[in-house]
Amino acid sequence: GAVVSQHPSWVICKSGTSVKIECRSLDFQATTMFWYRQFPKQSLMLMATSNEGSKATYEQGVEKDKFLINHASLTLSTLTVTSAHPEDSSFYICSAREVTSGANVLTFGAGSRLTVL
Amino acid sequence: AQTVTQSQPEMSVQEAETVTLSCTYDTSENNYYLFWYKQPPSRQMILVIRQEAYKQQNATENRFSVNFQKAAKSFSLKISDSQLGDTAMYFCASHHQGGKLIFGQGTELSVKP
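Those protein sequences? They're chains Z and P, same order as listed.
Residue 60 in the numbering used here sits at position 60 of the first sequence; the count goes up by one each step and never skips.
Residue 110 in the numbering used here sits at position 110 of the second sequence; the count goes up by one each step and never skips.
Okay, chain Z solo, but in the shape it has when bound:
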């Protein structure tokens, strides 16, 4: 079945630095990928929709200059947390939908845990 790889699975960084998280669809092409954020014991909150070859669409309240999304190919989307602060510490999850899929099923990555010191 479809597999989405997310890297790194765990990252610690210093306050003020930037961190990049990669989301790859391994065996299918994805024109659209989604980035979610999840705090402990809470639900997944959609941050943005990543569109291959165009600008990402951000949800209300998400700072696009802080959370930079690039979807340069049909198999890769990246999320860069710029000038990270401790409040950005969270679990970030990406998901992707296969181009040819008519079932509207998203495949999720395993997530990336970000800790900002």
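A couple of the hints might just be wrong.
[Unchecked claim] Keeping only pairs whose Cα atoms sit at most 27 Å apart, straight-line, the calculated BS3-like set for lysine-lysine is:
#: 1; chain 1: P; residue 1: LYS70; chain 2: P; residue 2: LYS55
#: 2; chain 1: Z; residue 1: LYS41; chain 2: Z; residue 2: LYS66
#: 3; chain 1: Z; residue 1: LYS55; chain 2: Z; residue 2: LYS41
#: 4; chain 1: P; residue 1: LYS78; chain 2: P; residue 2: LYS55
#: 5; chain 1: Z; residue 1: LYS41; chain 2: P; residue 2: LYS55
#: 6; chain 1: Z; residue 1: LYS66; chain 2: Z; residue 2: LYS14
#: 7; chain 1: Z; residue 1: LYS41; chain 2: P; residue 2: LYS73
#: 8; chain 1: Z; residue 1: LYS41; chain 2: P; residue 2: LYS112
Because the hints were derived from the structure by calculation, they are not lab data.
Use these hints to put chain P onto chain Z, whose structure you have.
What follows is chain P alone, placed relative to chain Z:
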């Protein structure tokens, strides 16, 4: 606005018994999909079951089945013969145009031996 509501933060069930998780949603779309996802301690999201809104028949996947009440905008998940491996967070979600999923708050299910 599209919303999904899960009113049971925590549930527990004895192994081998049946449990039902509740979910209500609100949407203005005519054609949509509903999902239940499982998130075990590993945090990996796993699709449990999917329902297409235009289908009247309730979806079933082995021990998992749904009770889809379209008029009431209700979409509950029934787990039969509960197993220890069913212990996880369960999220109800609705799918909308553009492909994005909107999730409910989640229900933490504990299966007790």
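Checklist entry - If you check each hint against the structure, which ones fail? => result 3 and 5
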